[in-house]
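S.K.: In case you want the letters, here they are:
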Amino acid sequence: DAGVIQSPRHEVTEMGQEVTLRCKPISGHDYLFWYRQTMMRGLELLIYFNNNVPIDDSGMPEDRFSAKMPNASFSTLKIQPSEPRDSAVYFCASSGNRAGSPLHFGNGTRLTVT
Amino acid sequence: TQLLEQSPQFLSIQEGENLTVYCNSSSVFSSLQWYRQEPGEGPVLLVTVVTGGEVKKLKRLTFQFGDARKDSSLHITAAQPGDTGLYLCAGDFWTNAGKSTFGDGTTLTVKP
Numbered sequence: 038d039a040g041v042i043q044s045p046r047h048e049v050t051e052m053g054q055e056v057t058l059r060c061k062p063i064s065g066h067d068y069l070f071w072y073r074q075t076m077m078r079g080l081e082l083l084i085y086f087n088n089n090v091p092i093d094d095s096g097m098p099e100d101r102f103s104a105k106m107p108n109a110s111f112s113t114l115k116i117q118p119s120e121p122r123d124s125a126v127y128f129c130a131s132s133g134n135r136a137g138s139p140l141h142f143g144n145g146t147r148l149t150v151t
Numbered sequence: 514t515q516l517l518e519q520s521p522q523f524l525s526i527q528e529g530e531n532l533t534v535y536c537n538s539s540s541v542f543s544s545l546q547w548y549r550q551e552p553g554e555g556p557v558l559l560v561t562v563v564t565g566g567e568v569k570k571l572k573r574l575t576f577q578f579g580d581a582r583k584d585s586s587l588h589i590t591a592a593q594p595g596d597t598g599l600y601l602c603a604g605d606f607w608t609n610a611g612k613s614t615f616g617d618g619t620t621l622t623v624k625p
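One line per chain: the protein sequences are A and B, in this order.
Residue numbers for the first sequence follow our numbering, so the first one is 38 and each next one is one higher.
Residue numbers for the second sequence follow our numbering, so the first one is 514 and each next one is one higher.
So that you can see chain A by itself, here it is in the shape it has in the complex (with noise of 0.2 angstroms):
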């Protein structure tokens, strides 16, 4: 078991880019999540899919930011336009189809917004 996978792991952008983060699930996982986190404001959900399908996405600060799952080992979050305060750790993670089935997440992608 390989876990959940993340890349990139650092990305510097200027402000303006885009930015796009991609993830892989463990296999057979049914749930999907997407979290930032920052010293501020911790550990924060941003969106999060069931079987592909986005669930709740009322994390997702703005427009700029969207995630997609077009298959069931793949997401990806984007960023468009990046800006600085968009700077944080961003992690994936899965899970189980149980109810309170835990979390395994990834070692994140630490973006830097400049």
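Rather than coming from a laboratory, the hints here were simulated on the basis of the structure.
All of these numbers come straight from a predicted model, not from anything done at the bench.
Careful: at least some of the hints might be erroneous.
[Said to hold, decoys possible] On the chain B side, residues computed to face chain A include the following (Cβ under 10 angstroms):
# : residue
1 : GLU554
2 : PRO556
3 : VAL557
4 : ALA603
[As the list claims (entries may be wrong)] Derived DSS-like pairs: lysine-lysine, alpha-carbon spacing no greater than 30 angstroms straight-line:
# : chain 1 : residue 1 : chain 2 : residue 2
5 : B       : LYS624    : B       : LYS569
6 : A       : LYS115    : B       : LYS612
7 : A       : LYS61     : A       : LYS115
8 : A       : LYS61     : B       : LYS612
9 : B       : LYS612    : A       : LYS105
Quick reminder that beta carbons are idealized off the backbone N, C-alpha and C, glycines included.
Dock chain B against chain A, hints included.
M.R.: The following block gives chain B in isolation, referenced to the frame of chain A:
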């Protein structure tokens, strides 16, 4: 909106000391998880508690779920430098099926 409050926010102790961190909510959890996160990594699950009053032990770590399922505690006996990290509780609520709400975490530093 269900909120989880963790305390203390920061804790710095000497190796060998005992400590307890807390996770509280005004709402009833359907289940609760504790995670530990080390720098540069994602949170890793330590335990899941489901039943009110439940106590689970993981080596020197003892997890307790409140009888009313609104609070939980994590007690570490004889802390070691390897216990250093961010401890997060995450609650599942009946009205938010499928997603967990995270507390802000307790940053623990154990000095040798």
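S.K.: Regarding the pair A/LYS61 and B/LYS612, is the alpha-carbon distance no greater than 30 angstroms?
M.R.: holds (19 angstroms)
S.K.: Holds or violated: A/LYS115 with B/LYS612, Cα cutoff 30 angstroms?
M.R.: OK: A/LYS115 and B/LYS612 at ~21 angstroms, within 30 angstroms.
S.K.: Under 10 angstroms is the threshold here; is the Cβ of B/PRO556 close enough to any Cβ of chain A for the hint to stand?
M.R.: Since chain A brings a Cβ to about 5 angstroms from B/PRO556, closer than 10 angstroms, the hint holds.
S.K.: Need the status of pair B/LYS624, B/LYS569: alpha-carbon distance at most 30 angstroms?
M.R.: Given pair B/LYS624, B/LYS569 holds - Cα atoms ~26 angstroms apart, limit 30 angstroms.
S.K.: Return the status of the interface hint for B/VAL557: holds when the least beta-carbon distance to chain A is below 10 angstroms, violated otherwise.
M.R.: holds (7 angstroms)
S.K.: Between the alpha carbons of B/LYS612 and A/LYS105, is the straight-line distance 30 angstroms or under?
M.R.: holds (18 angstroms)
S.K.: Regarding the hint that B/ALA603 lies at the interface with chain A, is the smallest CB-CB distance below 10 angstroms?
M.R.: holds (7 angstroms)
S.K.: Identify whether the interface hint at B/GLU554 stands, where standing means a beta carbon of chain A within less than 10 angstroms of its own.
M.R.: With a closest approach of 5 angstroms, the B/GLU554 hint holds.
S.K.: Taking 30 angstroms as the top limit, are the C-alpha atoms of A/LYS61 and A/LYS115 close enough?
M.R.: Judged against 30 angstroms, a Cα distance of about 15 angstroms means the pair holds.
Of the numbered hints listed earlier, not one is contradicted by the structure.
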